[in-house]
Amino acid sequence: MTLLDLVIFLPLAAFLLILFLPKEHVEGIRRFSLVASLAIFVASLGLIGPYWFGNPGKLAFETDLPWINSPAIRYHVAIDGISLWLVLLTTLLTPLCVLVSWKSVQKRAKEFFAFLLLLEFGLIGVFCAFDLFLFFVFWEVSLVPMYFLIGVWGHERRIYAAVKFFVYTMAGSMLMLVGITYLYNQAGTFDYAKIMAGLQNGSIAPTYQEQLLLFLAFFIAFAIKVPLFPLHTWLPDAHVEAPTAGSVMLASVMLKMGTYGLLRFCVPMFPVAARNCSGWIVTLAIIGIIYGALVAMVQPNMKKLVAYSSVSHLGFVVLGIFSFTQQGFDGAVYQMLNHGVSTGALFIMVGFLYERRHSLEIDAYGGVATPTPRLATAFMITMLASIGLPMLNNFVGEFLVLQGTALVNFKWAVFAAIGVILSACYMLWLYQRVFFGKASAEVSALKDLDLREYAICVPLIILMVWMGTFTQSFIPSISTSTAVILGPVDAKRDVHVHNGLPAALRAQRSLSLAKEQVDAR
Amino acid sequence: MTALIFLIFAGIAVFCGVSLVAQTHPIASALSLIGVMGSLAVIYLQLGGEFIAAAQMIVYAGAIMVLFVFVIMLLNAGAEATSRQIPLLSRYVGMFLLAAFLGLISFIIQAMLPKTEGVVFGAFQGGTAAAIGRKLFTVYLLPFEVTSVLILIAILGAIVLARREV
Amino acid sequence: MPASVPISWYLILSAILFGLGVAGFIYRRNIITVFMSIELMLNAVNLTFITFSYTLKKVDGHIFSFFVMVVAAAEAAVGLAIILTVFKNRETLMIDDVSSMKY
Amino acid sequence: MPANFAPTAIDYLRILPEILMIITGTLIMVLEPLIGGNKRNAFTSVTLVGFIAALVAAVAANDYPGLSFSNMLIVDGFATFFRVLVIAVGIFTVLSSSDYLRREHAASAEYYALLLFSVAGQCIMATANELIMIFIGLEISSIATYILAGYLRDDKRNNEAALKYFLLGSFATAFLLYGIAWIYGTTGSTNLGEIRNFLMTGGSARNLTLAGTAAALMFVGFAFKVSAAPFQIWAPDVYQGAPAPVTLFMSAGPKAAAFAVFLRVFITAFGPITNRWEPFVWSSALLTMVIGNFAALLQNNIKRLMAYSSIAHAGYVMVAIAAHNQVGVAAAMFYLAAYACMNVGAFAVITHFSRQGEKYVNVDDLAGLGWKQPVTAALFSIFLLSLIGVPLTGGFFGKFYIFKAALDANLVWLSILGLLNSAVAAYYYLRILVVMYMHEPGESTLTLEPLSPGIRTTLWAAALGTLILGIFPSLLLNFAANSSGLGK
Amino acid sequence: MLLWLIPIFPLLGFLLNGLFGRKLPKSMINLFAIGSVALSFAWVVKTLVGLGPLETKYIEHYFTWIQSGPLQINVDFAVDRLTAVMLMVVTGVGLLIHIYSVGYMAEEDGYYRFFSYLNLFMFFMLVLVLAQNFLVLFVGWEGVGLCSYLLIGYYFLEQYATTAGNKAFIVNRIGDFGFSLAMFLIFRQFGSLDFTKVFDAAKNMPSETTYGTLTIICLLLLLGATGKSAQIPLYVWLPDAMAGPTPVSALIHAATMVTAGVYMTARSAAFFMHAPIAMDWVAIIGLATAFVAATIGLAQTDIKKVFAYSTVSQLGYMFVGLGVGAFSAGVFHLMTHAFFKALLFLGAGAVIHGLHGEQDLRQMGGLFKHMRITAITLLCASFAISGFPFTSGFFSKDAILVAAYEHAPWMYWVGVLTAGMTAFYVFRAWFMAFTGEYRGHAHPHESPLVMTGPLMLLAGLSLVGGFINIPHWLEPMFPEKPENQMLAWISAGVGVAGILLAYLFYVAQRGLADSFAKAMNGFYTLVYNKYYIDELYNAVVVRPLVAISRTVLWRGVDAGLIDGTVNGVGTRSRGIGSILRLLQSGNIRTYAAWVVLGSIVVLIAIGFAGGSK
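Same order as they appear, the protein sequences are chains A, B, C, D and E.
Read in our numbering, the first sequence has 134 at position 134, and its numbers run on one by one without any break.
Read in our numbering, the second sequence has 40 at position 40, and its numbers run on one by one without any break.
Read in our numbering, the third sequence has 21 at position 21, and its numbers run on one by one without any break.
Read in our numbering, the fourth sequence has 244 at position 244, and its numbers run on one by one without any break.
Read in our numbering, the fifth sequence has 514 at position 514, and its numbers run on one by one without any break.
Among the clues, some could well be false.
As the list claims (entries may be wrong) - A few chain E residues that don't get close to chain C, going by computed Cβ distances all over 10 Å:
hint	residue
1	2
2	4
3	8
4	30
5	206
6	210
7	236
8	406
9	443
10	482
11	509
12	541
13	586
Said to hold, decoys possible - Cross-link-like lysine-lysine pairs, in silico, DSS-like; alpha carbons within 25 Å at most:
hint	chain 1	residue 1	chain 2	residue 2
14	D	156	D	359
15	B	115	C	57
16	D	372	A	107
17	D	372	D	359
18	A	23	D	359
19	D	372	A	103
20	C	88	D	359
21	C	57	B	135
22	C	102	D	156
Because the hints were derived from the structure by calculation, they are not lab data.
Built from N, CA and C at the ideal position, the CB exists for glycine as well.
Produce the entire structure from the sequences given, and follow the hints as far as they go.
Pasting the structure below:
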């Protein structure tokens with residue numbers, strides 16, 4: 001029973017508890033869920049310990065218990081530098097989501113908060129599971145509450161969006177299930193570590209054909225979740241229709257399930273296939289970056305705009321992963337967190353605007369800065385973070401990703417960097433149309449942020465600056481874990497660079513080879 | 001001799017079978033069914049099935065068919081209204097299917113059946129009531145007993161479905 | 001005129017009867033007749049049993065067909081009861097009229 | 001010829017469950033005239049007692065495995081598994097029927113008696129080791145079910161269901177019999193073990209073809225009973241027409257028993273000629289899944305929808321049969337158990353909701369149930385999620401296990417197509433969830449009375465079962481795995 | 001030496017004003033704003049004094065910013081002679097402009113906002129010049145861009161202002177695109193971004209005669225520079241940037257930020273010197289910009305626009321200097337330009353302030369008697385920019401032109417011509433503003449001391465600033481170029497000629513200008529409308545992009561193609577369902593037929609075909 005188990009199961013406990021609270025006492029339920037989620041967050045902070053004060057090996061807080069004996073399915077959870085931060089992201093955002101929904105969710109509040117906590121349970125589990133089956137279980141479990149969050153508390157076309165979301169993801173995850181099972185039949189275990197070991201020492205040796213198919217089975221499932229162009233169309237609908245909290249959890253954490261899966265399973269388990277497909281995937285990622293930005297630019301609906309911007313941002317993550325360089329991986333992981341924070345904040349603030357003006361259409365606004373300077377400032381900072389201004393979080397991620405990509409193939413970097421320009425276009429334009437200009441009558445009636453809303457925004461903004469400035473509190477722990485994954489797929493093994501092997505890569509080779517030796521021991 | 005008898009009664013059986021299908025009036029069909037059963041009983045005898053032949057006459061032709069006729073009378077079911085359109089599927093496809101089915105079975109019978117000596121009357125004596133009874137109360141005791149439940153259900157069903165409102 | 005009849009003749013006879021039963025089921029529109037066609041099929045089956053137990057010189061086939069008769073009797077009772085209820089409710093025995101539930 | 005004709009005590013112990021149920025059934029029939037038909041609770045409790053006694057007996061019998069009654073019966077894990085399963089289904093049926101019968105003013109004594117007999121028949125099927133026993137068991141179970149399907153004799157839909165079920169059922173049985181006749185003629189025996197041996201040893205090419213023909217004809221009979229394509233056609237009409245609790249029963253009990261027989265015959269007796277029937281079962285499985293899932297997409301009558309869904313689920317089990325390995329058998333067993341749980345639950349809700357004369361059987365009638373009766377809806381959601389195959393429910397694990405078996409047998413494409421099918425299935429189950437939670441309550445929901453104790457028990461038990469099978473499948477899985485060695 | 005204090009002071013000022021400014025009285029705001037800048041100015045002076053001759057670079061390491069694999073980015077600050085010049089200019093001029101703003105912005109609301117932005121700008125600008133590696137430089141680079149965006153959009157109620165802001169930011173982003181790509185290449189090539197490491201490595205590389213890595217790097221850097229320093233093709237944002245308050249134009253869009261490109265290029269001299277091709281590009285782009293902008297400047301009537309284009313043109317000069325290898329000259333001109341151009345803008349600001357916001361030269365005239373100080377100080381600035389002998393502009397500009405002559409004589413002559421035009425339009429503006437009759441309707445008045453004081457200081461600097469021998473000071477870093485008195489005098493002469501021509505047109509012979517304009521109408525309108533460049537960009541880039549994104553990508557691909565397919569699948573499966581359910585005709589005999597059919601199929605499949613497998 002490690003701290004991690006506690007963090008995983010507290011949300012479930014809280015969920016069950018809420019079910020037994022009388023639905024009339026909405027206030028009490030709200031308070032309870034806030035306290036609970038905060039407690040979880042505090043508890044999860046403890047997970048950082050080993051990473052800041054000491055050097056855990058590959059995994060920390062490992063628990064490995066038998067769950068089902070045949071087929072051998074184990075409750076094997078642990079965290080490494082990658083999971084750690086994603087878990088923290090989840091635990092941080094849940095209380096914020098509770099706060100966000102404090103006033104906006106009045107009808108059926110009990111169920112709402114219950115589902116929110118159930119969602120947290122699923123999400124945390126996904127990031128901690130080191131048993132493929134367990135991973136899949138959490139993966140699917142997280143699907144259900146989100147379905148209800150969208151479908152019950154969403155806007156007009158919520159049902160369409162919810163069903164689309166569910167079926168879309170379901171289709172993908174079914175393929176993954178086939179993959180997982182097939183792998184099991186070859187390996188005789190679901191245990192991630194064992195499978196990795198087996199794949200490396202050749203005791204599990206799928207033919208290249210099989211490897212490719214397995215890779216695709218996993219990849220498609222993850223790509224849908226990411227979402228990677230052209231599998232992204234569920235995202236805008238889901239976002240637009242979801243309640244604020246739903247959008248936040250969806251954008252900030254759920255999409256990361258996909259990229260996390262790519263990094264944790266797809267790439268390391270099927271390195272050769274991954275390497276051979278990288279060309280196509282990177283192309284899709286880059287298309288997604290530019291395409292998402294361009295489409296975002298012309299959206300009349302704020303949430304849709306942010307949604308498409310997510311498509312663009314997540315493109316960077318995929319790009320980083322499939323550059324197979326240390327910088328690319330670190331950047332990708334860091335970008336996941338950044339996107340979680342900044343896009344989450346964007347959705348929250350759009351939510352604030354919606355609560356005030358009851359419209360998501362950009363045309364309904366204009367001149368909002370005059371009545372609500374504080375909101376305007378907060379939004380400004382978040383927007384700047386999201387378009388990758390230095391000293392704010394996104395910049396670091398994008399820089400690392402692009403740098404990593406450039407090391408492998410400079411052209412990719414060139415195209416991807418166009419996305420950075422475009423992001424400025426749509427965001428600034430949005431900001432201008434919403435906040436600048438003369439305020440219309442209804443707009444000037446809007447109230448500025450109140451204390452609760454401050455309490456939501458300030459932590460996120462602080463985090464943006466922190467993550468942009470003092471990256472060393474995060475990246476080292478990430479690097480150690482990504483280096484492990486990088487080992488078998490490292491781009492340095494065969495880079496096709498025109499003027500020989502770049503100095504940077506030469507340096508990197510020696511460095512990460514050293515790392516591998518360390519891991520070997 | 002055997003062959004002659006077989007051919008005669010087989011002929012009758014087939015004829016009655018056809019008429020069962022062809023007749024529009026249920027009573028006619030019922031009678032032709034009895035005809036089939038009768039001729040089959042003879043063929044059973046030929047194959048050494050004394051007991052079965054008897055049972056065939058008593059149970060089938062006797063009991064069951066009487067029941068049928070009784071019901072037909074009860075509901076005084078008239079001839080089918082031929083005006084009614086038969087679904088296309090049933091009419092044409094059905095015809096073809098039938099042919100195909102028969103063809104298949106006969107082919108299997110012809111091609112696959114191991115060639116054994118032909119049927120000679122009295123070549124098989126095992127079908128006596130005694131033999132059957134012995135088997136029935138030893139090896140096949142359990143099924144025999146269980147069939148009682150079947151009858152029970154039949155009674156029960158008849159009561160449940162057909163009794164007058166109380 | 002051969003002294004003995006090939007086994008296959010019996011089997012083909014039963015096949016024909018079975019086929020006729022099927023035909024009856026498909027072509028007759030009177031529920032009772034349809035039901036009788038089933039009985040015809042059962043008879044065909046019985047013939048097969050008897051024939052085979054002749055070739056095998058085993059009595060089990062007879063017993064089997066005996067059980068078939070029992071079952072047939074039971075089915076007859078129940079079946080006719082069901083037909084009665086249908087008739088009570090619909091005043092018809094035309095099988096095509098009993099198709100309210102579809103698709 | 002087996003040595004002992006005089007059955008010993010052990011023999012009787014081995015068929016004690018059947019005996020108990022038959023006795024109880026008879027007892028009820030005797031009681032009815034004595035205490036009068038309106039003492040419903042009395043009959044209910046007697047029936048329950050009978051079932052529970054049978055359950056205990058079935059479990060107890062498992063300690064005395066082996067053949068009995070001169071190889072007519074075999075008591076093994078497999079048999080016990082299905083016995084327990086069908087008896088449990090019977091219990092739940094009783095629980096959810098009691099107030100339905102009261103509601104419809106239908107005589108309950110005969111109903112329970114028939115139920116008992118039918119379950120007894122299914123137990124016989126589960127234990128049968130002889131085609132004769134299989135045939136008789138099948139007939140007992142079926143005939144009783146025919147009657148139950150038409151139990152409300154003044155209800156047009158009931159009659160129609162009964163008639164269709166009966167006519168087509170007997171029609172298919174005729175094929176089954178014809179098949180039996182042929183296998184008898186080919187192998188000279190109707191004993192599964194002997195058939196297996198014959199096919200393994202004395203199999204000339206011709207004999208194998210004949211056996212194949214027989215297998216084909218028997219396949220028709222079994223496939224019909226389990227409503228597998230292309231013989232699924234009867235199911236929707238019958239499920240829709242029959243009384244809700246009977247549909248509950250039909251979709252779980254007889255189906256499970258039929259699958260038990262199916263497995264026993266095809267894995268044990270026809271094991272040697274697997275290569276002949278495996279491809280066809282493969283395609284039949286796929287066809288079944290496709291027909292079930294896609295046709296269900298447009299159904300509005302929830303009973304009919306569930307009928308199609310049960311066809312689809314039969315398809316999943318067929319996949320397990322197509323895998324024809326031990327894992328497959330275990331998977332099929334597990335899946336049928338899980339399916340029984342969730343389906344019983346779902347139909348219990350429908351029974352509860354449909355009201356007098358089954359007024360409300362459309363999906364849209366459920367509007368807002370989630371907020372009118374949260375508990376009912378929550379439980380219903382569990383069943384639906386399990387039917388979709390969401391983890392932590394029995395449905396998911398069963399499905400996973402089946403496709404694992406399929407992949408073991410290298411049926412990769414079947415697995416992929418099957419799982420994609422279940423993504424399609426998600427769509428129509430979600431529709432029900434949508435209606436329950438995302439539509440505002442209509443008068444159908446507002447006039448809904450609270451759960452009756454019987455149905456409440458059923459629901460909770462079923463939900464519990466679904467979840468336990470999903471979270472701790474080992475409990476059942478180990479047993480299934482150990483008793484899945486058919487013909488070994 | 002605690003270099004970090006230099007940028008930190010303004011940052012503090014920004015935080016204080018930004019967070020609490022709303023509630024603070026103006027006096028406190030002024031205190032924080034000006035005090036912080038003053039402090040950092042003081043600290044700069046102290047540091048430079050303390051560091052002495054600065055023969056070698058002085059570096060301070062603070063902390064590691066990013067560390068991933070071999071990629072390590074430290075936050076280091078460094079001072080060398082180049083930085084020293086920039087520091088002095090930025091903090092010095094910055095301080096003066098801060099003081100000036102107190103007067104200029106007195107009536108504006110959002111006072112605190114203005115100053116906090118201004119301080120933030122100072123912070124980033126100082127980070128930019130102090131940076132010891134490309135990424136930290138990039139931080140300042142982007143940061144100043146942000147502040148420029150914020151300050152241009154300072155009047156955020158006005159659409160044109162916010163639009164100008166966006167334009168500035170986005171155009172700069174295009175430049176940054178180049179810059180960042182350059183960084184990626186540099187790291188890829190040298191495995192580091194640290195100036196010392198990188199440039200030392202570059203020194204050992206052979207000079208490239210083709211488009212090799214170094215050349216590509218340099219061109220990308222150049223793209224960045226053109227964005228920030230408003231060179232062709234990315235100069236379009238600068239004129240619009242005049243939408244901001246005038247002090248902003250002075251500080252950001254004249255004196256400091258826009259010269260960042262020049263600074264960065266000079267900083268990367270080590271690269272450029274090994275990439276002659278890139279050098280030529282720099283020179284040509286510079287020259288072209290200088291010339292084109294000058295021509296546009298001839299016809300502008302908005303006083304700030306005139307100076308804006310002259311800024312563009314002067315920046316062009318600097319690039320010519322860099323391009324022909326006279327880095328020191330370029331930097332020299334950067335400094336002097338900072339003086340006189342800041343002065344020009346502040347002067348213009350004073351005029352506008354005196355006329356209550358009037359910016360149109362045609363609405364001015366005869367202001368000399370109303371605002372003498374402004375007029376005189378502006379006159380000094382005009383002389384300086386015209387390269388009038390012994391003013392600051394004379395030395396710096398001529399240093400550039402001479403170097404240009406060394407490189408390629410024709411460049412020199414173009415430069416001289418441009419110089420003439422410059423002199424002409426600057427004095428045109430001065431004459432139109434201060435001589436003749438007042439044509440406006442406002443009540444002109446002289447500005448308060450807080451504004452005129454900085455003006456006078458700057459006037460002094462722009463007159464004598466040329467005697468600070470920057471090229472010599474930068475000698476250890478960049479090779480000094482030969483003097484050539486002869487050429488210097490020619491260009492000065494042309495400048496004077498330009499002044500006289502302006503006098504002729506706008507004082508001596510009024511209306512001559514108009515008749516002249518009519519005479520060559522076509523050219524005039526073309527120039528007056530800035531060669532329709534903005535319109536061109538709009539028509540060719542912006543509008544098509546938006547249109548395509550909306551109609552093709554969003555409506556077409558996204559909603560139409562992809563979603564269409566997805567939903568199509570849904571509809572299809574419904575379709576399949578609707579067909580499959582037709583099997584259920586409800587008719588028993590049809591069902592029977594199905595059973596038979598099925599059984600036949602089974603018979604064939606299992607009875608025979610099955611065996612084949």
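Violating hint indices (sorted, rising): 13, 18
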